[in-house]
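Novice: First residue of the sequence shown: 1, per the numbering used here; consecutive thereafter.
Treat each hint with caution, since some may be false.
What the hints assert, rightly or not - BS3-like, lysine-lysine: derived pairs with alpha carbons at most 30 angstroms apart:
| # | residue 1 | residue 2 |
| --- | --- | --- |
| 1 | 61 | 18 |
| 2 | 3 | 20 |
| 3 | 3 | 18 |
| 4 | 3 | 22 |
| 5 | 61 | 22 |
To be verified - The calculated label-pair distances, taken between Cβ atoms and stated as ranges, are:
| # | residue 1 | residue 2 | range |
| --- | --- | --- | --- |
| 6 | 2 | 40 | 30 to 36 angstroms |
| 7 | 60 | 11 | 21 to 27 angstroms |
| 8 | 50 | 12 | 24 to 30 angstroms |
| 9 | 56 | 25 | 41 to 47 angstroms |
I should point out that these hints are in silico values taken from the structure, not numbers from a laboratory. Keep in mind that this is a model prediction, so the values were computed, not measured. We treat Cβ as the ideally placed atom computed from N, Cα and C, and that holds for glycine.
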Amino acid sequence: EEKEREREISNIENNWTKEKRKLKEIRFITTMEAPNNIQSSFRVNLMNFCNLLGEMIAQEKNYGK
């Protein structure tokens with residue numbers, strides 16, 4: 001049980017590190033330092049992600065009924 005707990009904690013820490021790396025990339029891309037083509041593709045990806053998230057939330061709400 002202790003090993004399982006340690007593995008869970010390790011997974012959480014690894015995921016957090018990955019998320020922080022993504023945040024740094026997002027911060028770079030959303031500043032004007034990034035080339036225009038990267039900025040525009042990022043915006044498209046962000047819009048797609050938001051749409052997908054919206055759909056998932058809607059499905060979750062419907063599922064709960």
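Novice: Check each numbered hint from earlier against the structure, then list the numbers of those it violates in ascending order.
Specialist: Failing hints, ascending: 6, 9.
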